[in-house]
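Engineer: Okay, here's what each chain looks like letter by letter:
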Amino acid sequence: MVEVTLWGGLVPLADNQKTLTVEAGTIRDVLRALQERYPALSGPIRNEVAVVVDGVVYRNDWSREIPEGAEVFLMRRLAGG
Amino acid sequence: MRYERPETIQDATALLAGARDKAFVLAGGTDLLVRMQSDDFDAELVVDIKSIAGMGDIVRTPDAFIIGAAVPCAALAENEALVAAWPGIVEAANLIGSTQIQGRCTMSGNLCNASPAADSVPALVAASAQAKIAGPNGTRTVPVEQIPQGPGKTSLEKGEFIEAIVVPDAGAQAGDAYLRFTPRTEMDIAVVGVGVCLALDAEGVVQSARLALGAVGPTVVIAQDASASIIGTKLDDAALDAFAAAASAASHPIDDKRGTVEFRKEVAGVLARRAARIAYTRAGGN
Amino acid sequence: MSSIAVSTTINGDDVEYLCQADETLLDVLRNRLGLMGAKEGCGTGDCGACSAIVDGRVVCSCLVLGAEAQGRTIETIEGMANGSELHPLQRKFIEHAALQCGICTPGFLMAAKALLDVNSSPTEEEIRYWLAGNLCRCTGYDKIVRAVQDAAQEMQGERA
Amino acid sequence: MSFDAAYQSQKFKSVGSRPLRPDGVDKVTGRARYGADFNMPGQLVARVLRSPHAHARIVSIDTARAEAVKGVKAVVTAADLPDLTNGDGALFAVLDNCMARTKALYDGHAVAAVAAIDEKSAKAALKLIDIEYEVLPHVVDVDAATRADAPILNDTVFTSGVTPAPDKPSNVANRSEFGHGDVDAGFEQADFIVERSYKTEQTHQGYIEPHACVANCNSDGTAELWVCTQGHFVYRQTCADLLGLEVSKLRVTSSEIGGGFGGKTHVWAEPVALALSRKAGRPVKLVMSREEVFRASGPTSATSIDVKIGARKDGKITAATATLRYTSGPYADMWAELGAMTSFACYDLANVKTVGFEVIVNRPKVAAYRAPSAPMAAFAVESAIDELAHKIGMDAVAFRIKNAAREGSKSSYGPVYGPIGIGPTLEAAQSHPHMSAPLGENQGRGMACGFWFNFGGQTCSDLNINADGTVTLAVGTVDVGGSRASLSLIAAEELGIDYQDVKAVIADTATLGYNDMTDGSRGTFSTSMATISAARNAIETMRARAALTWDIPVDDVFWEDGHAKAMGTKYGNLAPLSVKDIAAEAGNTGGPIAGHSEMVADGAGVSFATHICDVEVDPETGSTRIVRYTVIQDAGKAVHPSYVEGQYQGGAAQGIGWALNEEYIYGEDGRLQNPGFLDYRIPVCSDLPMIDTQILEIPNPNHPYGVRGVGETSIVPPLAAIANAVSNAAGVRMSHIPMSPPRILAALNAEKGK
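Residue numbers (this note's numbering), protein chains in the order written: chain Y, 120 to 200; chain R, 684 to 969; chain L, 756 to 915; chain E, 31 to 784.
Wrong hints could be hidden among the right ones.
Calculated pairs, SDA-like style, for lysine to any residue (alpha carbon to alpha carbon, straight line, at most 20 Å) [claimed, not checked]:
#	chain 1	residue 1	chain 2	residue 2
1	E	K150	L	R787
2	E	K782	E	N472
3	E	K157	R	M684
4	E	K533	L	E850
5	R	K948	E	A780
6	R	K940	E	H766
7	R	K733	L	G811
8	R	K940	E	E322
These are computed hints drawn from the structure, not numbers from a lab.
Source: prediction; values computed, not measured.
Assemble the whole structure, with the sequences as input and the hints as a guide.
Structural biologist: Written out as structure tokens, the structure reads:
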């Protein structure tokens with residue numbers, strides 16, 4: 120089981136919950152589980168999300184395994200300069 | 684647009700007089716070519732005066748320096764006699780733009796561009812320099828401050844152009860200085876410009892003084908009472924305070940993208956004080 | 756507006772071209788003579804990326820008319836190396852990483868060459884004020900100044 | 031083949047050295063070709079007509095007279111760019127920004143464009159385009175735009191991130207919030223509190239190369255674009271979307287790029303050039319003037335930020351809040367959100383809350399500018415932190431060390447930090463000689479910290495072993511600051527060959543797989559990872575070829591120091607085979623040898639820096655001179671140290687310009703007053719001292735060589751470092767950037783009670 124914290128913008132789309140627990144081994148599993156539970160999340164998840172696992176930001180690598188007890192955060196996909 | 688490169692002054696004045704529409708003189712071109720970039724620039728004729736004999740020369744006569752209209756500012760610093768006699772004028776001319784601009788721009792062009800913030804004009808005015816104007820019916824000479832009439836406007840008649848700047852001999856106990864305020868150390872248009880020229884007697888007492896301020900009015904401001912406030916003094920602090928206050932009072936700047944009214948008035952006083960002290964030492968004062 | 760015929764010398768070669776009265780030397784170099792080394796960064800003489808040397812003085816070629824080049828000697832970046840042998844300044848700019856994007860480099864090299872031609876061992880301050888007309892947004896100028904100092908020393912050594 | 035990105039500590043032979051860059055000779059001889067240096071036969075010249083109004087409805091456009099001008103081959107308006115964005119708001123914003131569809135939303139907004147055989151006829155045609163505007167009230171100031179009486183720019187914009195959802199349109203497009211703990215309780219425990227509001231004016235990236243491209247559309251749907259860009263693959267996708275082209279048929283070639291800093295991550299006029307070419311049936315060259323670059327490309331945000339920080343006597347911060355208002359131009363984006371996330375990112379805080387408001391105004395569409403949104407937030411926070419340290423009577427560095435985030439700290443934007451480098455940069459600053467150097471009259475020292483995210487991204491690279499054993503490395507990230515040299519070092523290191531035997535080139539979109547934008551300081555980070563992966567693939571192939579040559583099992587062949595070697599002694603002493611040896615036989619052992627990599631290089635890790643700055647303030651004129659400047663930043667592993675130093679120095683110089691002189695100045699009429707390098711004053715050579723750098727190397731666990739991104743962080747600390755130095759030099763706390771002489775003199779006078 121993995122605890123996932125959503126960024127402010129997504130909270131209203133998930134029954135106003137800030138953190139959720141889902142069954143997941145990789146980032147892809149987390150995103151799939153979230154979308155199944157709250158279909159409204161699929162829009163932002165598809166084109167503007169980045170996932171932070173233990174402090175490291177991933178923008179594309181959804182195959183990244185999630186270590187046991189790791190902290191998972193959903194963040195807006197950010198632009199650099 | 685037509686480009687002409689006359690070889691004599693007469694041909695130049697004839698060309699300028701003969702133009703139906705707008706005609707411009709090209710010496711250094713560092714102002715003219717910038718104006719040409721804008722879409723609404725149009726001109727019938729550009730007269731390049733650099734092929735006219737003498738335009739590129741600095742001639743030393745017993746009582747003056749005659750600086751040809753096509754002499755680039757960089758060349759002024761290479762003329763030891765001029766630098767020795769008029770360091771203020773040379774430093775003002777050398778503050779215009781960058782090395783690349785210095786290789787082209789001229790004091791006559793700076794004068795005719797009639798920008799309130801021109802760098803060389805306050806120093807020339809302080810030095811009581813004159814402009815030798817060539818025209819269809821001969822030449823005339825006027826004090827330089829009579830050329831600019833307002834931003835971008837000069838007193839030159841149709842067919843006239845400046846042939847040379849005439850700087851009188853400085854005299855023994857005389858010294859001049861030019862300072863300007865710009866946010867960067869180079870490449871800026873003056874937010875405030877201050878030209879000072881003064882002459883001393885043997886004991887170091889100020890006999891005469893002229894203060895000219897740039898970028899604090901539509902044209903260069905000659906601060907009469909500021910000059911008066913230091914005549915008869917040895918430039919002690921009280922005299923300098925009065926000089927600075929008078930310089931600020933004489934300024935009537937505007938707010939614009941380069942500076943505010945309060946800033947320009949205050950800094951005019953600060954620079955006037957500093958320039959006066961430099962001129963004083965150059966004039967042999969302690 | 757009829758064209759003006761101009762004959763001049765560029766990088767030691769005799770060159771002739773036709774240009775419009777209001778055409779700048781920069782446009783002539785780039786669009787008529789294929790000398791693309793001079794770059795237009797601003798078109799108003801404020802950035803120095805178009806610097807060229809006319810009769811020994813480094814100037815902004817965007818503020819010179821093509822017609823004014825008649826009978827003058829012009830040096831551009833393309834003439835700085837001696838065949839395939841780079842000028843010491845060109846070598847030192849690469850060695851010191853004195854360029855990143857490189858768009859300002861031709862202009863800096865022209866200005867630095869003009870400096871060393873008149874002042875063979877300039878101080879840091881003299882270099883910085885002489886090069887103030889060349890804008891660079893990538894390097895912060897540090898390595899450019901060091902490259903010019905190093906080249907001056909090497910050229911000084913050659914002369915000594 | 032899965033790629034193990036984990037860091038292995040090793041002794042490097044090539045990485046860490048300072049060789050000459052492969053593209054150096056072209057750049058010092060003037061042969062390098064930038065955006066405006068490319069021409070196609072029969073090309074037309076393009077000119078864009080731009081709105082002189084800050085806010086106006088386009089009532090009608092009549093191009094008949096313009097089309098009749100001799101030499102004009104095409105005139106386009108928004109009608110020639112039909113809306114194919116099918117509901118994608120961000121893409122529609124790009125389309126509308128390239129050419130206004132209903133309203134001109136800022137001074138300089140493109141409304142029409144002309145392609146003609148020469149500039150003269152193009153300029154003449156522009157004057158004959160009859161356009162009727164209905165001028166509307168405008169607003170350019172970030173705070174004025176949020177007031178109730180402000181003119182509404184877009185009546186379809188309702189503030190998102192607010193519950194309940196508002197029912198009236200607003201210029202505040204989005205509210206974002208971050209943080210944790212209970213700030214009110216935190217402030218109760220504070221012995222000292224600093225509360226202040228700060229403003230920063232809009233600045234531009236200031237790249238010396240104006241945007242330029244040559245576009246060519248053929249009647250068979252194929253098209254070509256030569257353009258200066260930070261991401262030709264992204265430009266291809268965006269242009270294809272906007273013009274309805276198939277991605278495979280649009281080939282985009284990245285020219286040498288004359289600086290970008292985030293400003294060339296976005297299309298501005300490229301779709302217009304393609305549209306003109308399509309309509310005229312001829313290639314079109316479009317080069318922006320410097321004035322157009324200032325008026326109509328992508329400067330950064332203007333901001334207004336309120337900060338409140340409380341701390342106990344012992345120096346522990348108990349609570350911190352920030353409210354950040356960022357302008358985004360007429361189209362909302364994520365700039366305020368980024369500011370809210372980065373503001374307190376350097377610190378380990380129990381109670382923190384940041385709220386960001388994205389404000390739309392009649393200014394050009396904001397694009398990224400090197401660590402976008404972070405420098406402004408850092409200016410406000412690091413100024414308040416400095417003031418608080420003074421109040422408590424603690425040394426500025428010690429106060430930061432006490433509160434700095436470390437491994438395990440919960441960041442103010444949410445996630446817990448892994449191993450991070452802020453502590454080491456602060457300790458390095460504390461012991462740096464600059465910190466104890468003497469100061470002269472009217473001089474002061476200031477310091478500040480900076481944070482940036484750093485990203486990875488989709489990256490491809492091809493590494494081909496040529497017959498002579500030398501290597502061609504084709505990469506898809508753009509080289510602005512010497513990355514071809516760094517990536518050649520990486521390939522040489524992994525293959526075990528000499529740097530001189532590797533030549534790196536930037537491939538165009540038709541010859542390499544998709545690469546993300548070169549932004550987020552990812553150039554060297556991601557492409558070095560892809561290059562290592564490609565090199566390892568090539569090594570596997572070469573081991574197999576060696577095995578074939580020796581006729582022994584491939585498992586008994588290992589790679590070391592650039593040679594295939596046979597394991598053990600059972601095969602007698604087979605002479606090791608070099609890359610050259612293996613390449614020479616390639617024809618008979620299976621054909622050309624190459625290593626490819628198509629990967630997602632992620633896990634860039636965040637980046638920290640500490641800057642120290644000495645200034646001298648002239649008390650009589652308010653002008654500030656930078657006397658000494660030191661940058662201390664963690665690079666993980668400096669691949670080519672000279673170009674890492676270059677990033678540190680360049681970022682600092684841009685920060686110095688931003689802090690002291692650079693700003694967009696708008697008149698009452700909403701028009702930009704200083705669209706040029708004369709009055710938009712970036713630092714010149716004589717304005718700056720040498721900029722000293724110190725590279726820390728704390729390996730990034732998610733990169734084989736420990737490499738971190740370095741390109742952006744260096745612009746984050748300068749605004750605050752200089753503000754703190756000015757405060758210590760002149761005794762005035764400046765809260766408005768840029769700290770121009772008039773503002774400092776006014777503050778000095780106010781201080782003296784004049």
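Engineer: Any of the earlier hints contradicted here, and which numbers?
Structural biologist: Hint check: nothing fails, all pass.
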